[in-house]
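Trainee: Here is what each chain is made of, one letter per residue.
Protein chains: 2
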Amino acid sequence: MSEGSLHRPLPVDAVPGWDIETDVAVIGFGASGACAALEAARGGARVTLFEMASGSGGASALSGGEIYIGGGTDVQRAAGFDDSIEALATYLKLAGGPDADVAKCDLYAAQSLDHFEWLKAQGVPYKGTFVPGKIIEPATDDTLIWSGSEEAWPYSEAAAPAPRGHVIQWEGWGGGRKLVDILERNVREAGVDVRTDARVLSLIADGARVAGLVVRIDNRLVHVRAGAVVICTGGFCMNTDMLRRYAPGALKLTDPIGENDNGSGILMGMSAGGDAIHMDEFFTTCPWIMPESLVKGIFVNSRGQRFINEDCYHGRVSRTMIDQPGDRVWLLVDNAIFARPIDLARIDIASVGETWEEVERDLGLPEDTLSATVRTFNRYAAEGHDPVCRKAAKWLKVLDEPPYAALELGFPGSYFSFFTLGGLSTAPSGEVLDRAGVPVSGLFAAGRATSGLPRSGHGYSSGMSLADCTFFGRKAGQAAAVAARAVVREEIVAA
Amino acid sequence: MSEGSLHRPLPVDAVPGWDIETDVAVIGFGASGACAALEAARGGARVTLFEMASGSGGASALSGGEIYIGGGTDVQRAAGFDDSIEALATYLKLAGGPDADVAKCDLYAAQSLDHFEWLKAQGVPYKGTFVPGKIIEPATDDTLIWSGSEEAWPYSEAAAPAPRGHVIQWEGWGGGRKLVDILERNVREAGVDVRTDARVLSLIADGARVAGLVVRIDNRLVHVRAGAVVICTGGFCMNTDMLRRYAPGALKLTDPIGENDNGSGILMGMSAGGDAIHMDEFFTTCPWIMPESLVKGIFVNSRGQRFINEDCYHGRVSRTMIDQPGDRVWLLVDNAIFARPIDLARIDIASVGETWEEVERDLGLPEDTLSATVRTFNRYAAEGHDPVCRKAAKWLKVLDEPPYAALELGFPGSYFSFFTLGGLSTAPSGEVLDRAGVPVSGLFAAGRATSGLPRSGHGYSSGMSLADCTFFGRKAGQAAAVAARAVVREEIVAA
Numbered sequence: 003m004s005e006g007s008l009h010r011p012l013p014v015d016a017v018p019g020w021d022i023e024t025d026v027a028v029i030g031f032g033a034s035g036a037c038a039a040l041e042a043a044r045g046g047a048r049v050t051l052f053e054m055a056s057g058s059g060g061a062s063a064l065s066g067g068e069i070y071i072g073g074g075t076d077v078q079r080a081a082g083f084d085d086s087i088e089a090l091a092t093y094l095k096l097a098g099g100p101d102a103d104v105a106k107c108d109l110y111a112a113q114s115l116d117h118f119e120w121l122k123a124q125g126v127p128y129k130g131t132f133v134p135g136k137i138i139e140p141a142t143d144d145t146l147i148w149s150g151s152e153e154a155w156p157y158s159e160a161a162a163p164a165p166r167g168h169v170i171q172w173e174g175w176g177g178g179r180k181l182v183d184i185l186e187r188n189v190r191e192a193g194v195d196v197r198t199d200a201r202v203l204s205l206i207a208d209g210a211r212v213a214g215l216v217v218r219i220d221n222r223l224v225h226v227r228a229g230a231v232v233i234c235t236g237g238f239c240m241n242t243d244m245l246r247r248y249a250p251g252a253l254k255l256t257d258p259i260g261e262n263d264n265g266s267g268i269l270m271g272m273s274a275g276g277d278a279i280h281m282d283e284f285f286t287t288c289p290w291i292m293p294e295s296l297v298k299g300i301f302v303n304s305r306g307q308r309f310i311n312e313d314c315y316h317g318r319v320s321r322t323m324i325d326q327p328g329d330r331v332w333l334l335v336d337n338a339i340f341a342r343p344i345d346l347a348r349i350d351i352a353s354v355g356e357t358w359e360e361v362e363r364d365l366g367l368p369e370d371t372l373s374a375t376v377r378t379f380n381r382y383a384a385e386g387h388d389p390v391c392r393k394a395a396k397w398l399k400v401l402d403e404p405p406y407a408a409l410e411l412g413f414p415g416s417y418f419s420f421f422t423l424g425g426l427s428t429a430p431s432g433e434v435l436d437r438a439g440v441p442v443s444g445l446f447a448a449g450r451a452t453s454g455l456p457r458s459g460h461g462y463s464s465g466m467s468l469a470d471c472t473f474f475g476r477k478a479g480q481a482a483a484v485a486a487r488a489v490v491r492e493e494i495v496a497a
Numbered sequence: 003m004s005e006g007s008l009h010r011p012l013p014v015d016a017v018p019g020w021d022i023e024t025d026v027a028v029i030g031f032g033a034s035g036a037c038a039a040l041e042a043a044r045g046g047a048r049v050t051l052f053e054m055a056s057g058s059g060g061a062s063a064l065s066g067g068e069i070y071i072g073g074g075t076d077v078q079r080a081a082g083f084d085d086s087i088e089a090l091a092t093y094l095k096l097a098g099g100p101d102a103d104v105a106k107c108d109l110y111a112a113q114s115l116d117h118f119e120w121l122k123a124q125g126v127p128y129k130g131t132f133v134p135g136k137i138i139e140p141a142t143d144d145t146l147i148w149s150g151s152e153e154a155w156p157y158s159e160a161a162a163p164a165p166r167g168h169v170i171q172w173e174g175w176g177g178g179r180k181l182v183d184i185l186e187r188n189v190r191e192a193g194v195d196v197r198t199d200a201r202v203l204s205l206i207a208d209g210a211r212v213a214g215l216v217v218r219i220d221n222r223l224v225h226v227r228a229g230a231v232v233i234c235t236g237g238f239c240m241n242t243d244m245l246r247r248y249a250p251g252a253l254k255l256t257d258p259i260g261e262n263d264n265g266s267g268i269l270m271g272m273s274a275g276g277d278a279i280h281m282d283e284f285f286t287t288c289p290w291i292m293p294e295s296l297v298k299g300i301f302v303n304s305r306g307q308r309f310i311n312e313d314c315y316h317g318r319v320s321r322t323m324i325d326q327p328g329d330r331v332w333l334l335v336d337n338a339i340f341a342r343p344i345d346l347a348r349i350d351i352a353s354v355g356e357t358w359e360e361v362e363r364d365l366g367l368p369e370d371t372l373s374a375t376v377r378t379f380n381r382y383a384a385e386g387h388d389p390v391c392r393k394a395a396k397w398l399k400v401l402d403e404p405p406y407a408a409l410e411l412g413f414p415g416s417y418f419s420f421f422t423l424g425g426l427s428t429a430p431s432g433e434v435l436d437r438a439g440v441p442v443s444g445l446f447a448a449g450r451a452t453s454g455l456p457r458s459g460h461g462y463s464s465g466m467s468l469a470d471c472t473f474f475g476r477k478a479g480q481a482a483a484v485a486a487r488a489v490v491r492e493e494i495v496a497a
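Protein chains in written order, with this note's numbering: chain A, 3 to 497; chain B, 3 to 497.
Hints may contain errors.
Note that identical chains are pooled: a pair holds if it fits in a single copy or bridges any two copies.
[To be verified] 20 Å max Cα-Cα, derived SDA-like pairs, lysine to any residue:
1) K254 with H460
2) K254 with T242
3) K254 with V104
4) K254 with P100
5) K254 with L96
6) K399 with S295
7) K122 with R44
To be clear, the hints were calculated from the coordinates, so they are not data collected in a lab.
Just need the whole structure built from these sequences, with the hints factored in.
Mentor: In structure tokens, the structure reads:
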């Protein structure tokens, strides 16, 4: 056990010698790690960044590069939207579920505009243009989209709606790679010592203080002395054993969004006494809203019942699908709104009929279940409202133009991407908290290794995770630089 | 920090001196702790049991003293039921959810008959008589009841049904107190050193091995040296802070079944490296099935939709209520089956009407929601089946005799008792496992401080927790005695 393990820090007196000495050691080169390293370096710290892959990226590089930003950005204003810090904070807290991190929501809302300016100052380009409608990621290089449930019940009643998904200028999907590339350029210019193909094996502990890392580089054990460690290793969507123990609800999903999201950082953080919270929470989505006319359809479960207002965020709809009895749901559409879902979604046409009763029979549902659901929906849709699930009027359409179709989403079967939301408990400063709520000395974390802004799978909105990664990654880097300096001062006093 | 804390063991070299030396230290004097202490003592160990209250009890003493036992007991056979080890094992695994503890389910099923004999040998009386029907606890002193979802879909299709709730002979509810009293008598006769009003503050660690406890007795710190420690402290239903971080779904429930179920043992186990799993899971029930005719009613949520076959276990129905949108559900009954629910349940009559449409309007539901649900239910009930929720034929009744009533269950509002099911990960031996699945040396646990047989709130059946507490409490005590002897041997060799 001379290298320690993910489950047990190596005691400092078992370290044979220091191969690297640094102020701040950052683990993971996704968006969180990049932002943490950058701000720590700019805060005057010597920073070493360890990444197990051969280059930067992480799950961030697999994303759309979309960041949840609000409070009245220039882009929002140019598009005619009045957003406020209050509305943003209220939305974030509602989205965070029954244990929303109020302190982080308030801080992020208050500093969201500054954070947007900071991103631009790093060279992240924004075209500044708004695209209306229901969009997963812009197919164009535009900036602003509706990326959550802002206009949908119950969010619309709690907080004044505004679009807040700010997307990096990039033609088509996948701008996350470009975002990380830009952050990497800044990281390197700031003088961060980047070590790739470097797998962190364990923390090193000096009593109750985290004092460094054991890293495997070129098949050699490297002992790193650090004044502070920042864990930015992502979640555990690719660790089936952890999913089984902590988030078994996600086991039926087959498409993790991750690169090396094996939960190693969460385990190391816990090994030093860190608390891990809300480990059962996960985000999932199936891209069922393309083309947009499908949003006018209604979802029913295996009992023929509706279960959500279909106009809320596609991930909220998808997450609620996973809660339904049976392992499939159907999207009901008529001929007027029918369109073939995108291939990626793996959505099949399960049934086509001239009447809803025919579709109901064809799906093997009891009589007067699905058809009764459609009848009630249609009757109110004709009046312009949806008292059952509260879908907004603009998405209501009487489904009365045959032929009718039921599009089937299965889990497993359809494409449900997912990642985990549970992780280390942290203060807004990024300090990892133990189970008594006390910071673990020398240890910081950000991004999906933590339970942060996006804390509830049912409340997630696109861009929340990258907002959390970039903003609280920065905070963690800043605080780690300060903490590392304090360690150096203590050592000088002690010497 | 000379006493350590729930969050950090006291290092053995910080112990000023040993006030008590024992082989096995058991924490908690509910059913788990009693069984662990008893078996450890009978295994030849010196045993000291620490209980923070002034006497035995714990949550076990607040229970009905009902234990989930099967495989063909004399009582089952006398009542004409053919049960098998296979059927019991299959039921337990289905009830355990997607991460059921297969090893524990199989072991318990194989040894369930022996365990019943053991309980009788301790002096636990069983009258040996069966009471048919839907019962929460017998009002009489009879033994055997249907205590789960055995006869209900989907369990009935997976495992041959048999009643398995074996209740201690005791007139009326609350036999759990008598059960613990009998176990206590055995514990004292076995020579266990029982210390009450003794609050355990922390574990003591000798490197990676758990070596004792710090206990506060008479406002004095007592340092206990132990070859093995068994944590039997119960769950965390009375710790709001832990509920918030790990099981926020239970925050809306107001009636914990607990005495001192503050999660302290789970925290101590984690402080020594133990893994805590499925921390989001909880049992809850509202006693809505009394009188039994109410089971012929149907539940609808705030959208007027059914959500479960009402003939399954009352706790499974209740747990599913908590998942529904809105914070209330209604039980719909007609005049033929109406009966006033027991006062304890805090269930109100929300509406009475001559037609289901009138009730629907009166509750403020959209037209053709609740009434359509009843119409579809009635149509099939008349044919003797329920294709929507699969309630068994014997509980089906066409709800067509006015006046009609909607009984309202609110959360909060109605009486929903609850306790937590997440806790330390343990082997069938009771060894506490770390996050790598390796036993923490010297540390054992049983009962609701662990995630055991009853692992899923949706699958819980009455008697499962006491089955787990008594059976795996025994296993933990036996294994702890063996482990403590090994420590003594090592010390002799080392000396």
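Trainee: All the hints need checking, so say for each whether the structure fits it.
Mentor: Now the hints, each set against the structure:
1. K254 with H460: Cα proximity of K254 and H460: in one copy and across copies (17 Å, 18 Å).
2. K254 with T242: Classified as within: same-chain Cα gap 11 Å, cross-chain 31 Å, threshold 20 Å.
3. K254 with V104: Classified as between; 19 Å across copies, 31 Å inside a copy.
4. K254 with P100: For K254 and P100, only the inter-copy Cα distance (10 Å) is at most 20 Å; the intra-copy one is 25 Å.
5. K254 with L96: between (27 Å within a copy, 16 Å between copies)
6. K399 with S295: within (10 Å within a copy, 42 Å between copies)
7. K122 with R44: This pair counts as within: shortest intra-copy Cα distance 17 Å, inter-copy 72 Å.
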